[in-house]
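There are 2 protein chains.
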Amino acid sequence: MKKHNFSAGPCILPQSVLQKSSEAIVNFNDLNLSLIEISHRSKDFVDVMEKARSLVLEHMKLQNKGYQALFLQGGASLEFLMVAYNLLEKKAAYLNTGAWSDKAIREAKMVGDIVEVASSKDGNFNYIPKNYTIPEDVDYFHCTSNNTIFGTQINHFPKTNVKMVCDMSSDIFSRQMDFSQFDLIYAGAQKNMGPAGTTLVVIKEDILGDVSRTIPSMLDYKVHIAKESMFNTPAVFPVYVSMLTLQWLKDLGGIDQIEKINNEKASLLYSELDRNSLFKGFVANHEDRSKMNATFSLTDNHFKERFDTLLKEAGINGLNGHKDIGGYRASMYNALPLESVQVLVDVMKEIERIA
Amino acid sequence: MKKHNFSAGPCILPQSVLQKSSEAIVNFNDLNLSLIEISHRSKDFVDVMEKARSLVLEHMKLQNKGYQALFLQGGASLEFLMVAYNLLEKKAAYLNTGAWSDKAIREAKMVGDIVEVASSKDGNFNYIPKNYTIPEDVDYFHCTSNNTIFGTQINHFPKTNVKMVCDMSSDIFSRQMDFSQFDLIYAGAQKNMGPAGTTLVVIKEDILGDVSRTIPSMLDYKVHIAKESMFNTPAVFPVYVSMLTLQWLKDLGGIDQIEKINNEKASLLYSELDRNSLFKGFVANHEDRSKMNATFSLTDNHFKERFDTLLKEAGINGLNGHKDIGGYRASMYNALPLESVQVLVDVMKEIERIA
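Residue numbers (numbering that gives the first Met the number 0), protein chains in the order written: chain A, 0 to 354; chain B, 0 to 354.
Just so you know, the hints here were simulated from the structure itself, not pulled from any lab data.
Quick caveat, the model's predicted, so the values are computed rather than measured.
The reader is advised that the hints may include incorrect statements.
[Stated by the list, open to error] Derived list of chain A stretches under chain B, where covered just means 3 residues or more per stretch with a C-beta under 8 Å from a C-beta of chain B: (1) 12-22; (2) 25-31; (3) 36-45; (4) 76-86; (5) 211-217; (6) 226-235; (7) 303-309.
The C-beta atom is built at its ideal place from N, Cα and C for all residues, glycine as well.
Using the sequences provided together with the hints, build the complete structure.
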């Protein structure tokens, strides 16, 4: 039975990418060797790493602008620390829009002073704060572009003279923007890019080197840049799958094209959510709704069992909400087809009909 | 053409493991979903993680002895730092047997005082130092059990009252020993265990909590233990392949059985090396020779081109030596069949015959 995979992450990847990476596990590049049993210093793998790094900058239109793309390990969780180690001398400003921002703040506080410029914690993170001021004297400003758990997304990034750092783990490569407004972007691969196990870091090289502390090698972006993202053995398979997914996105027409599709999917789901009186959305303001993760619940929990049965019968997977807010969450990442959203909307209509 | 894969790492894995992991990329556990597109919190993946952790302790006979097995990220290179962060309050002792020990020392020096109890740097690491003294007042003693680059291996670990930490990246699960003599063992997966991208840490829980510093979450073993190795999204695919390889080892008869096979392979190769006057080994003392990585060179480089051609014709892959010592390196990890070593030995005999 065909599955419709709304999993929040690790999440759906393009079928063609899964097929090709499955083949590479038994025979990569017709070498009669597996991708995962060859040296990461071999030409075959160095080509993969270089292609992945170059596709990232190409998609973001950041080529020849002083940016470097790295594929590291440890997820966004290690980046919370690395960002602070590499950039925080005295004070940094953070926008708190959810559990992940909160964790980023907690790690950075071990390294320096943190100013929380605004927070939506008072509303259990059901909105994106606006009209906050970023102090001029901070080392950088940090924000989370999309909040997977709560289903909010930043649609207008602040204009500021300070360095901008953004955790784009859950909406990277999903929408067009001027990526050069950021000095550092990071993202765990396991949403729109690849499998869990590698973390993308895109960094403007000239922002590095300003802190006075000695940075341990594995936490030092300069070390990873100098070694072309191969300071130590990289996560070979996750990097390979990321490269294939980035190539899939390019073949599809790039970020411009996927954004159109993502807009269609989000519009289809949110229209139904607003129309159907059996459901209510979690996010307070429509303008803050995430196009990646739609969070909602039933207005009457008596229908929960029947709704869950219908979901199962339709082959819908991964729709359960995060424990912090409950209800449902439809994650509509790049690789999720419009058809899957239509199946979900049909189930929402069906439960309304029989209710 | 069948390949004989002597790659130093990432390296050969059992064919059955490659086959099964390739299938899991398109359809895992008959879910009609890929292993890499389901939640790491799903029962299907939590079972994988738990099985991998439990097989590790079973192979090492460390069950119910206060040890925990973790699958982290960042390779041994990040462990160099984590070990020091978690255990080093004032002073630690390190044995320097090669490039990786050297790097471990460099990172630890950022955290505290390091006593190098002995070093074989004077011989470009072609032997294992002996008869050194470990000071009683250090927080721990650190050594590297096998030196991939140089082809040496520790055969007698020191007896000491201080905590023992061992980097077993390149010979883990290859030979029987009393693993309970160590308080902390770590190993990048990409030799005897799985693909690059996950790091095994086996730790005696009661050694933690003695340092006064605040440890960042991702570097804190206690955090990872409390979250059962799922503090953040783990490297799903590398952990899965590691679990399959650990199961393969169990089905084969465990460490006792693989040690016999590894002894046979090493004996076959080293006998030829000692017999054949066209070759000389790199390691000074036979007792220090690694059963995982045999390092050698031609006694007359005029035969290099012909030897390299014969290797290629025989389907031998990954025999080039590391740049630090040149020559050749035959890595004979657990999954390498005896047959492959025989093919190499036959080529060594053949070049002698035509020389």
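Run the structure past the numbered hints and jot down the numbers of the failing ones, going up. Number 7 only.
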